[in-house]
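Protein chains in written order, with full-length UniProt numbering: chain A, 1 to 268; chain B, 1 to 268.
Derived from the structure by calculation, the hints contain no laboratory data. It cannot be assumed that every hint is accurate.
Because identical chains share one entry, a pair is satisfied inside a single copy or across any pair of copies.
No farther apart than 35 Å at their CA atoms in a straight line, the calculated lysine-lysine pairs in the DSBU-like style are these [unchecked claim]:
{"#": "1", "residue 1": "Lys233", "residue 2": "Lys34"}
{"#": "2", "residue 1": "Lys34", "residue 2": "Lys115"}
{"#": "3", "residue 1": "Lys189", "residue 2": "Lys81"}
{"#": "4", "residue 1": "Lys266", "residue 2": "Lys173"}
{"#": "5", "residue 1": "Lys115", "residue 2": "Lys136"}
{"#": "6", "residue 1": "Lys233", "residue 2": "Lys188"}
{"#": "7", "residue 1": "Lys34", "residue 2": "Lys12"}
{"#": "8", "residue 1": "Lys188", "residue 2": "Lys266"}
There are 2 protein chains.
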Amino acid sequence: MKAREQFRVPDKFTLDDADAARQPLGDGSKAGDKECTDDVLERINDLQTMLYAQRKHKVLLVLQGMDTSGKDGAVRSLYSKISPVGLRTAAFKAPTELEAGYDYLWRVHRHVPAKGEMVVFNRSHYEEVLITRVLKQIDGKECRRRYAQIRDFERMLAETGTTIVKVMLHISKSEQRERLQARIDNPKKQWKFDQSDIDQRKQWRAFQRAYEEAILATDADHAPWYIVPADSKPHRDLAIARLLLETLESLKLRWPAPDASLATLKIR
Amino acid sequence: MKAREQFRVPDKFTLDDADAARQPLGDGSKAGDKECTDDVLERINDLQTMLYAQRKHKVLLVLQGMDTSGKDGAVRSLYSKISPVGLRTAAFKAPTELEAGYDYLWRVHRHVPAKGEMVVFNRSHYEEVLITRVLKQIDGKECRRRYAQIRDFERMLAETGTTIVKVMLHISKSEQRERLQARIDNPKKQWKFDQSDIDQRKQWRAFQRAYEEAILATDADHAPWYIVPADSKPHRDLAIARLLLETLESLKLRWPAPDASLATLKIR
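Build out the structure end to end from the sequences listed, making use of the hints.
Below, the structure written as structure tokens:
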């Protein structure tokens, strides 16, 4: 079964029912998943080089997920095999004062892929209907207005040649506990820990509801959402790689036509 | 011998005398160089995480070199092991119309590292004293004015906390012939080939002289130039990794002090 069918968000769902430990791909072993991921990434790298050479399509991968869900790790996995020449990452943290002076799509729009590029958003404009909603910085009415704005924005991107893949890395609450505890207990990881991680964990249910609502409100065939189970790191990487590969394969990429005048050229 | 001593540009030199096939590091085998590079990159990754956690230092790696000298490959090697969270790349191609409307340092300045970041420049402001000089878009007087501007700019960066490492990837003219020919002959690489590659190859000597002059004019202890022999790709990657590692080691990085209040914290 294609990963794009396996993980595509259904019309109705709750994250509580989605098993974050599910491992439908691979053979269930970490080593097996890692090996599969490497193979898939090598194929992505070939296709991505073609994407870059052809300079026709644009690919945008949006990564969202709770704290510790593995967004950074997922990005790292991609770079382990894909050439950074055509792969770019934009990480969106809390908006700076400058950024907050603009509309919330402004800073995001600046980083969308150009022709031939593949761009990964590590967090995205979705933060503006997630954390802002849970912290009640915006009310329900404003949130729905933003869903519509986001739908419009993404439709425009799709209509102008951008292939969009949106992934929510779904971890269980117990897995998050272990990962946060590891951050606290490991002196080399403690710098990653922030008091807000605990505050947000306390609002776990509210965040899950905000994710469900935002995902359902913005899922579209031209901007599909995938719920990737992320309790297993190797399987998470495999799932994302497979989603990307299937997406690139659907583009029917080709090498630019060879230049006949070069056929006999000898460099001196 | 430290790589920083091995490759640091001497007070007087010509590129003709610098052996592009020299392999002073490693055991002379490709597999050995690859393995060494992986080890060094793993250590860089640890230090880079510390750099990121500490948010005190900024590191800038400038990569320059003739066409096919391996700038893209060198960047790729870094990403194979170093987390992209704190590693950023800025590639500078021919200036766009927008960019050309500003002074030549404008677009470069926007991409310098912030605290905790390591940034790689794939080409840089040095193009503005290299190709522009060879194509006679600027005369000698303007070129010398720019050397001084670049010195001032880099001194400012260094004085405000940026550790600068400048690398020229030095390939031989015959190695470039083979690599250009491979681009032409391989349908998967032909898209990389551009007629200007040949035009520039015809001006090989002029480019080498422009490099020598620019390097000598802008080498400084706070912004050192290293000439890395680049006919061997694995050795090139090893040399760059070693230069970076030694540079990071010299910063005496430390993990941020642990937060005592977290010592007994248990996540629920």
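Hints broken by the structure, by number, lowest first?
Violated hints: none; all satisfied.
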